[in-house]
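Student: Kindly produce the complete structure, drawing on both the sequences and the hints.
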Amino acid sequence: MEPCKKQSSLPRSSRRKTARTVLPFVLAGLVFLSCCPVFRVLSISGQGADAGRTVTLLSRRAVGEGFSISYTHSVNKGRIHDFYACRGKALVLERTVFVSYGAGIPEAEETPGAVFTLTDSGYEISGLERRLDKLLMAVGLYARHSIAIRQEGGLGNELFLEDYYERQTPVLFELRRITPLQLVLAKDLLRD
Numbered sequence: 005m006e007p008c009k010k011q012s013s014l015p016r017s018s019r020r021k022t023a024r025t026v027l028p029f030v031l032a033g034l035v036f037l038s039c040c041p042v043f044r045v046l047s048i049s050g051q052g053a054d055a056g057r058t059v060t061l062l063s064r065r066a067v068g069e070g071f072s073i074s075y076t077h078s079v080n081k082g083r084i085h086d087f088y089a090c091r092g093k094a095l096v097l098e099r100t101v102f103v104s105y106g107a108g109i110p111e112a113e114e115t116p117g118a119v120f121t122l123t124d125s126g127y128e129i130s131g132l133e134r135r136l137d138k139l140l141m142a143v144g145l146y147a148r149h150s151i152a153i154r155q156e157g158g159l160g161n162e163l164f165l166e167d168y169y170e171r172q173t174p175v176l177f178e179l180r181r182i183t184p185l186q187l188v189l190a191k192d193l194l195r196d
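One point on numbering: in the working numbering, the residue at position 106 of the sequence shown is 110, and numbering is uninterrupted.
Check each hint, because a few of them may be wrong.
Here are the computed distance ranges between Cβ atoms for each label pair [to be verified]:
{"#": "1", "residue 1": "41", "residue 2": "96", "range": "20 to 28 angstroms"}
{"#": "2", "residue 1": "44", "residue 2": "123", "range": "26 to 34 angstroms"}
{"#": "3", "residue 1": "33", "residue 2": "155", "range": "44 to 52 angstroms"}
{"#": "4", "residue 1": "79", "residue 2": "134", "range": "19 to 27 angstroms"}
{"#": "5", "residue 1": "28", "residue 2": "119", "range": "17 to 25 angstroms"}
{"#": "6", "residue 1": "176", "residue 2": "29", "range": "33 to 41 angstroms"}
{"#": "7", "residue 1": "123", "residue 2": "52", "range": "35 to 43 angstroms"}
{"#": "8", "residue 1": "185", "residue 2": "125", "range": "20 to 28 angstroms"}
These are computed hints drawn from the structure, not numbers from a lab. No residue lacks a Cβ here, since even glycine has one placed at the ideal position from N, Cα and C.
Tutor: Listed below in structure tokens is the structure:
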């Protein structure tokens with residue numbers, strides 16, 4: 005007994021015509037995926053921890069929710085947390101939280117418009133509103149630089165930059181637009 009062959013409900017000539025009609029839309033979709041930068045992302049790029057290659061981390065959620073860059077202060081050894089928002093084409097430093105004062109920590113009179121607050125966990129300087137087109141920083145030897153994406157109720161997982169980038173090399177934070185294809189093919193997608 006032979007297996008049943010499925011018969012198409014369309015005649016062969018109609019199937020070819022349908023394929024010719026659909027093909028331009030499929031091709032247009034592929035061109036769109038590869039050429040149109042529609043997704044706004046936070047891009048972090050620098051020389052990889054495996055020297056010789058560039059590593060780029062991307063986050064769509066950081067654009068909407070904001071993020072924190074944390075590091076250990078070189079003098080007082082306390083942890084500092086800088087909180088950023090993404091507005092338009094700029095990264096905006098909104099506030100910083102730290103345990104104790106040390107060299108490089110701003111004084112109240114040096115920061116017009118900022119609000120200094122003593123909290124249970126240390127100090128907070130809010131109202132900074134410092135706009136940056138790009139943020140270039142070096143991954144420190146002892147600073148343990150990290151990034152965490154804001155989420156409801158706090159921050160997400162902390163990712164240490166030294167796990168991705170070679171120490172003492174520059175890392176560039178910037179807002180970019182990327183194509184859907186670039187987003188899909190991103191090898192080092194910052195965990196959203």
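Student: Look at each hint and say if it fits the structure.
Tutor: Checked hints:
About 22 angstroms separates the C-beta atoms of residue 41 and residue 96, a value consistent with the hinted range of 20 to 28 angstroms. Our hint of 26 to 34 angstroms for residue 44 and residue 123 holds, since their Cβ atoms are close to 33 angstroms apart. Between residue 33 and residue 155, the C-beta spacing of about 32 angstroms breaks the proposed range 44 to 52 angstroms. Take residue 79 and residue 134: their Cβ atoms lie about 21 angstroms apart, and the range 19 to 27 angstroms holds.
As the Cβ distance of residue 28 to residue 119 is approximately 58 angstroms, the hint placing it in 17 to 25 angstroms is violated. The supplied range of 33 to 41 angstroms is met by residue 176 and residue 29, whose beta-carbon atoms lie about 38 angstroms from each other. Distance hint check for residue 123 and residue 52: the Cβ-Cβ separation is about 37 angstroms, which falls inside the suggested range of 35 to 43 angstroms. With their beta carbons about 43 angstroms apart, residue 185 and residue 125 fall outside the hinted range of 20 to 28 angstroms.
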